[in-house]
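Just so you know, the protein sequences line up as chains A and B, in that order.
Residue 180 in our numbering sits at position 180 of the first sequence; the count goes up by one each step and never skips.
So our numbering is basically just the index in the second sequence, starting at one, shifted up by 283.
Keep in mind that a hint or two might mislead.
Said to hold, decoys possible - In the DSBU-like style, the derived pairs of lysine-lysine whose C-alpha atoms are separated by at most 35 Å in a straight line are:
#, chain 1, residue 1, chain 2, residue 2
1, B, Lys-393, A, Lys-124
2, A, Lys-107, B, Lys-306
3, B, Lys-583, A, Lys-124
4, B, Lys-584, A, Lys-107
5, A, Lys-107, A, Lys-137
6, A, Lys-137, A, Lys-124
7, B, Lys-554, B, Lys-393
8, B, Lys-393, A, Lys-107
9, A, Lys-107, A, Lys-124
10, B, Lys-306, A, Lys-137
11, B, Lys-584, B, Lys-393
12, A, Lys-137, B, Lys-584
What the hints assert, rightly or not - A short list of chain B residues far from chain A (calculated; beta carbon distances all over 10 Å):
#, residue
13, Lys-306
14, Arg-364
15, Ala-406
16, Asp-426
17, Trp-461
18, Ala-491
19, Val-494
20, Arg-496
21, His-587
As the list claims (entries may be wrong) - Chain B residues, not near chain A, derived (Cβ > 10 Å throughout):
#, residue
22, Pro-327
23, Leu-466
24, Gln-578
Because the hints were derived from the structure by calculation, they are not lab data.
It should be emphasised that the depicted structure is a prediction, and the values quoted were computed from it without experimental measurement.
Glycine included, C-beta positions come from ideal geometry on N, C-alpha and C.
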Amino acid sequence: MTVLTTTRPRSRGSWLKHPLVLAAALLMVAPFLWMLLTSFKGLPQLLTDPLSILPQPWVFTNWADAWNALPFGRAYANSIYITVLVVAGTLLTTSMAAYGFARIPFKGSTVLFWVFLAMQMVPKQVTLVPFYFLMAKIGWVDSHLALIIPAIMVNPFGVFLARQFIASVPVELEEAAMIDGASRWRIYWTIILPAIRPGLGALGIIVALDAWNNFLLPLVLLNSTDLFTVPLLLSQFQGQFGGMNYGIVMAATALSTVPMLIAFVIGQRQIIESLATSGLGGR
Amino acid sequence: MTAAPLVAGGRPPARRGWRERDKYWGMAFVAPQALGMLLFTLLPFAAAFLLAFTDWNGFGMPEFIGFDNFADQLTSPLLGRAILNTMVIALVTVPIGLFLAIVAAVVLNKIRGRAFYLVLFFAPVVTSSVAIALIWQQLLRADGVLSGSLTRLFGIAPIDWLGDPILALLAVCLVTIWASLGLNVVIFMAGLQSISPSVMEAAAIDGAGPVARFFRIILPLLSPIVFYQSVVAFISSLQTFDLVFVLVNNAGPDNGTRTIVYHIYDLGFAKSQFGLSSAASIVLLGLTLVITAIQFGAQKKFVHYES
Chain A
1 MTVLTTTRPR
11 SRGSWLKHPL
21 VLAAALLMVA
31 PFLWMLLTSF
41 KGLPQLLTDP
51 LSILPQPWVF
61 TNWADAWNAL
71 PFGRAYANSI
81 YITVLVVAGT
91 LLTTSMAAYG
101 FARIPFKGST
111 VLFWVFLAMQ
121 MVPKQVTLVP
131 FYFLMAKIGW
141 VDSHLALIIP
151 AIMVNPFGVF
161 LARQFIASVP
171 VELEEAAMID
181 GASRWRIYWT
191 IILPAIRPGL
201 GALGIIVALD
211 AWNNFLLPLV
221 LLNSTDLFTV
231 PLLLSQFQGQ
241 FGGMNYGIVM
251 AATALSTVPM
261 LIAFVIGQRQ
271 IIESLATSGL
281 GGR
Chain B
284 MTAAPLVAGG
294 RPPARRGWRE
304 RDKYWGMAFV
314 APQALGMLLF
324 TLLPFAAAFL
334 LAFTDWNGFG
344 MPEFIGFDNF
354 ADQLTSPLLG
364 RAILNTMVIA
374 LVTVPIGLFL
384 AIVAAVVLNK
394 IRGRAFYLVL
404 FFAPVVTSSV
414 AIALIWQQLL
424 RADGVLSGSL
434 TRLFGIAPID
444 WLGDPILALL
454 AVCLVTIWAS
464 LGLNVVIFMA
474 GLQSISPSVM
484 EAAAIDGAGP
494 VARFFRIILP
504 LLSPIVFYQS
514 VVAFISSLQT
524 FDLVFVLVNN
534 AGPDNGTRTI
544 VYHIYDLGFA
554 KSQFGLSSAA
564 SIVLLGLTLV
574 ITAIQFGAQK
584 KFVHYES
C-alpha cells in the first residue's frame, strides 16, 4: 500500500483546488509557525502587542533560557535511550510471539491469542492504579525500568500486526530449512525476520512514536526531574513562567518539537506509510 | 505418529518426537509476551476489580466495603460530569474529524504535490500532546491571536477560551480534531487507492457529479474503513487525558473539561482514593465495551462490504 505514489495525479481542474488546499494546509501548520515566531519574542512585546506577527525586536535568548531552565539535555538523553530500548525489545518479543502463534502449533495457542486480542480492547488507564502499585512493589517507581520492561513485554497490537506480516511468508521457505536441520530459532532469525523487515520497520515507527510521546505513565511513575522524559519535562514549563513570559515557554516547546519535526520530514515517507498501514490493522 | 496432520507449521520431518519438541519451541517464542501479558496486564486487571470493592489510601491493608465505591461513583456528580464531557468530546470530534478527513483525502488524492501537503497535514500527528497543548494554550488566551483576530475582524470582545467551561470543552474538541486529522487523512487515502478508477469513470460517464460520486460511490466503498476508524477514534477519545491535563490546567474551570481518565487520575494520584479510582476505571471499561458493542451493532446496517 502506498499512500504517496500509486495513482498519477490528474492535472485537470486541480489548479482550482490548489489555493483552497494550500490555505487548509497553512491552517494546519499555523500553530507551529506561531510557536516559532513567539519563541523569538521578548516579554515587553508579548505584554504590549501580543497580536503582532513578527518579533520586534528578535530575541534570541529565549531558546538558551529555556534550555537552561530545566535539564533539557538530560531529558533528551532519557527519551532517546528509553525509545531505542523499547523499540528494539518490542520488535524482538512481538515478532517472536507472532512466529509462535502463526507457525508453531502448541496446546492453548489459540486461546492465548484470543486473550491477547481481548486485552487489546481494554484501555490502559483501567489498570493504571494497580499497575502503579505493582511497580512500587517491584521497586520500579521513579525508575526508567517501569517505562521500558512492561512496554517491551506487553504489546498485543504489535503481536497481532507482526502475525499478519508472518502470515504472508511462504511456508515452503521454512520447510526447506527444516529439511536441512535448522532449528526453529535459526529459521526465525535467518528466514522469518529478514522476510518481514519492512513490516517490522512500520511497527517500529509506531512503537517509537508511542514511547517518545507517552505522557500519563511517566507523569505517574517518575518523580525525579533528572529522570524526566521530554514531554514530561516540557509539561513542567506550564507553571514555570506564570503564563507571562510565554516566549520562553514557546522556545521550550520548539526545543522539544523541532528535532522531531525535522526527523519526521526526513523520514516522512516511511512514517506516513507506517501509520496508514497500522491504521488499517496491517491490511 | 506416522500420519501427522499437515499444519501451518510445515511438514514435520520423519524424526520421532520432533513435534513433541516443536511445541516447546512454540511456547518459548510466545513466552516473553505471554509472561508480560500475565504480569503487567492480567494481574493489574484482576487487581483493579478487587480494589474497586475496597477502601484503600495506598497504605496498610485495603478494607473490603462491597459495592460502596460503585454506589458512590455512579451517583457522583463529578463522574457524571466527566462522562458527559468525554461523550461530548467523542460525539463532536469523531463525526466532524472523520468527515473532514474524508473530504481532505478525496481532494488530496488527485492533486499535484500531495506529498508536500501530506507532510503539513501530518505534522501534528508526530508531535507530543504536551507540546500541542502548550502551543494551543497560547493561541487560545484571552489576549491570544485567535481571540485578537476575532476582535479585529468582527469587533467581538476578547474571549478567554480556556476560562469558560463550555468554550474550554469546545477548545479541547477543536485541538483534538486538528491533532488527529492528518492520521485519518492518510488512512482514508490508503482506502481510496483500493477503489478502482473504472468505477469512478463509469459513474462520471453516467452523469454523476462530484457530489453524487462522493456520497454514492466513495462513501459506501470506504464505509468499512470509516467504520473501523470511527471505532478507533471513539475509543481513543474516551481516553482523553493529556490535552485536558496540560491545555486546560487539570479539569478546567468548573470541571468543564474533566474527562473520565482525568477523573481516574485525580481520585487515585491526587486524592489517594484508590478504591474509588478503581471503581471509576471499571466504569470506563464498561462504557468502552458498551460503545464498541453498539458500534458493531450499527455496522450491519451502514457498512457496505464488497463480496
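Tell me the hint numbers this structure goes against, listed in increasing order. Per hint list: 1, 4, 7, 8, 12, 13, 15, 16, 17, 22, 23 violated.
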